[in-house]
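Enquirer: Chain by chain, the residues run as shown.
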Amino acid sequence: MLDALVDLMDAAGGRCAYADARWVDHSHEALTVVDGAIESVDIVDEEGVGVRVRVDGAWSFAATQTLSREGLQEALARALALAEAEPRRPAPTPLAPVAPARGSWRSPCAIDPFGVALEEKLALLLAADEAMAGDPRLGRRGAFCVAERAVKAFASTEGAACEQSVVECGAGMVAVAVADDDLQLRSYPSGHGGDVAQAGWEHVVGLDLPAHGAEVADEAVALLTAPPCPEGTMTVVIDSEQVALQLHESIGHALELDRMLGYEAAYAGTSFVRPEDLGALRYGSDALNVTADAVLPGALGTYGWDDEGVAGQRTALVVEGRLVGALSSRETAGAVGLEASSGAMRADGFARQPLVRMPNVSLEPGDGGTLADLVAGVDDGLYLQTNRSWSIDDRRLQFQFTTQLAREIKGGELGGLRRNALYAGHTPRFWSGLDAVGSPSAQQVHSFTKCGKGEPGQFAHVSHATPPARFRDVDVRAR
Amino acid sequence: MTRDALLDAARRAVRAAGGEALARAVSERSVTARLARSQPTQATDLQRARVEVLCVRDGHTGLAIASRTDDDALAAAARRAHDAALAAAHAGPGDYPGLPEPAPARGHDGFDVATAALDPGQTGGALAAALEVAEVRGVELAGTWTAGAVTEAIASSRGLEAVDAVTDAQFKAVAQAPDGLRGYAARTAVAAGAIDAAAVAAEAADKATPPPAAPVDPLGGAGTAELPVVLGPDAVADLLQMLGVLAFDGRAWAEGRSALSDRLGERVAAPNISLSDSVRFPGTLPHAFDPEGTPKGPVPLIQDGVAHRVVHDVRSAARAGGGATSTGHAISPGGAVQGPIPRNLVLAGGGAADEAELMAPVERGLYVTRLWYVNPVRSKETLITGVTREGTFLIEDGRLAAPVRDVRFTDSVLRLLSTTQALSRRPRLVGTTDFYGPRFAYGVVCPALRADGFRLTGVASPGV
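Protein chains in written order, with my numbering: chain Z, 1 to 479; chain E, 480 to 943.
Since the hints were made in silico from the structure, they are not lab data. No experiment lies behind these values; they were computed from the predicted model shown. Among the clues, some could well be false.
To be verified - Stretch by stretch, here's where chain Z covers chain E in the computed footprint (C-beta under 8 Å, at least three residues):
(1) 540-547
(2) 632-644
(3) 729-739
(4) 855-868
(5) 884-891
Stated by the list, open to error - For each label pair, taking beta carbons as the anchor points, the in silico distance ranges come out as:
(6) E:Glu614 with Z:Asp180: 54 to 62 Å
(7) E:Ala484 with Z:Ala316: 47 to 55 Å
(8) E:Val615 with Z:Thr66: 37 to 45 Å
Each residue gets a CB set at the ideal place from its N, CA and C atoms; glycine is no exception.
Assemble the whole structure, with the sequences as input and the hints as a guide.
Expert: Written out as structure tokens, the structure reads:
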């Protein structure tokens, strides 16, 4: 397919300022077990090509599933016609330069998940579900696994011609306990979508869902009768996964340069961070060090090249609390005078054009030791674990999160279970309260597979490597 | 693809699957054009098709989706669906009760020939008209124009054969004044020709350029506050869409997870609240049947403030028992794990002539244009949180007094509906889909309303 794309780009040259084309052959499999019964076995195969052109300073894009030479030419013509119809096309901003992407890249995968028998996968999920069963207060229990394979080819009018192949695999489980007007839930190994990695079936086996079933169910039921979370301004220790979501929402999205420039004002929103804040803004305490890392092995935001042919790379975003970098595309980098794109353009399948999407944005470990060490430094506070819900404003400034579980901390030790924990804050103020970050051994990688942005909407897959962390002066509420 | 070609593909897929099977062939064509900073940024032209094949074996379902409609691709999808259902059946009988018997679906007026033509010139013209208004009004414009045509054909081994075609169009605008204030407006319709992009841009500009007054903090520096509120239709739609998930999902209801579990027949809202799922209500985005082929019809959900019914797909109805049947609200063939959801909510209008009349009795309160990033906090209480965005104002002495810094709210949808004092007379369609995945347009038809005690829990962005 790569040759066809290269031919198409040869044909596009001279008809627009720039063009690129992506072929994506995507397979997806999702298996779900609910309350001891197999709920669904869904398999998707989809293949197509997206052609993107730049006329003056505006992008136009057309997608097709007709993969013949004529079909590709027709898609190019549609993209060009759409561009021609647009009013007041902006003067072109120079695209940040990039060496043409060449070669191939493949994610690690030991056991092809599509080669594992459905019966074996379902047996694992049924065992996980059975391990949660028993208490009549459980309104629902479920276990699921997913596998994805995307084979991609990319070519551009600047001579790029590269191929990539990615396999993702993961699983999770959840128990929902209900009583009167209350509903509590616990999940493993994460709050949303399980734990997914660029890996094969070995990753799911390693999660060992059945071994965690009893604990998940017991905690969900116990939360029904746990005392409500205390309220007030207090010190909190946040587990690695909730730190990942906090980082994702209040730093990752805020530092997308398209948002900072106002390009996403009609939907996802803008950012409280301005381009002129780069190198100047105090984002948090000295303990805050954040890196965008598109080469983190096994993580979902890892790639050989982004979807405009810029190599995956590491980019420092925050160093000792000071903002030093942003997530960019070739266009947005050019717009603010950066020498190069950070390689953060990604698209959701063949039928969407790439957007600035965060690669793996990670909190660098500190010297705070283990979770127990972080807790030991709190006389009177709260431990918050596993995201339950989240909300943040369209400038990524004011947020409110709830967690599935909380525990009191008294005298440096974890105490009893608390339910309905909710904390809120303003981004720079919250990160300024970052008091200690767990050590490298406490860092874990967490995945998110439903990160939404763009019109038409697109989901991105991304991971975050985060240790647990401790924050002072956090506003905690029971509702 | 034509209707005949889609129906042919669905038939061939059912034949390839053998046994109990259903196939749904869907084609989508759409155009989306985006603006930012008063300039075009990204435009997208999509043409795609897919065939969903559902096999039922011993009470288990297997679903496979292919993006090609040739015999080889359909045979491969049918084989995968068959193998998936068979693999599930190895664990013992399942609880899927079987495909629905064919039933005739009524027609609707949800297709517009001119919109289906997807003329790029119409897209460009809409953007140009909106940009002209923005220039005259001295505001910077961001926005999105989108129009689409979706045709689906469904066939099953039970003898069901049906075809449906719909169109939709939407324009939304975010205007930003030189002082940074922003305003929002949007319109959605079956026909692109029914949307006046210039008028939408002007409405957004109006909200971004109120009479001069410094933005105020409605919490007055406090951590929380409760104020009377007038919610515009866009904000009401956001609340109702979330209520649709938290309250009317028949699967969650049967499992005790719904806000209405054990509460049907109880008063859950003020007597002036009548909410239904009405797929052919004037101004909505109709569909003839759901992805399981069940014809869609009206379902009363809350009548005069009393919880009345929930919605079902085939699987949730079986789980609910008591003679429940699918109401035509499946999200996918075989039903989605998250359960059925109402997609055509209609909140009946009230007696107020307009939003100004709703505001008239308010001594001090809030006007909210739209909500953003709404998520549940405690689902059984319908307690949700979110922020206001692009058009929040302080009401004083019955009139808009000043723009307000965007605020966070944490409140129960049913509590707000229980304290709803008045609704405006004419409901309008609010598009509530963001078009993730295959195009499926839906929305809420609702009026503006006035409620008491809107619970604010923080100041969000500065409202500029």
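Enquirer: Sort out which numbered hints this structure fails and list those numbers smallest first.
Expert: 2
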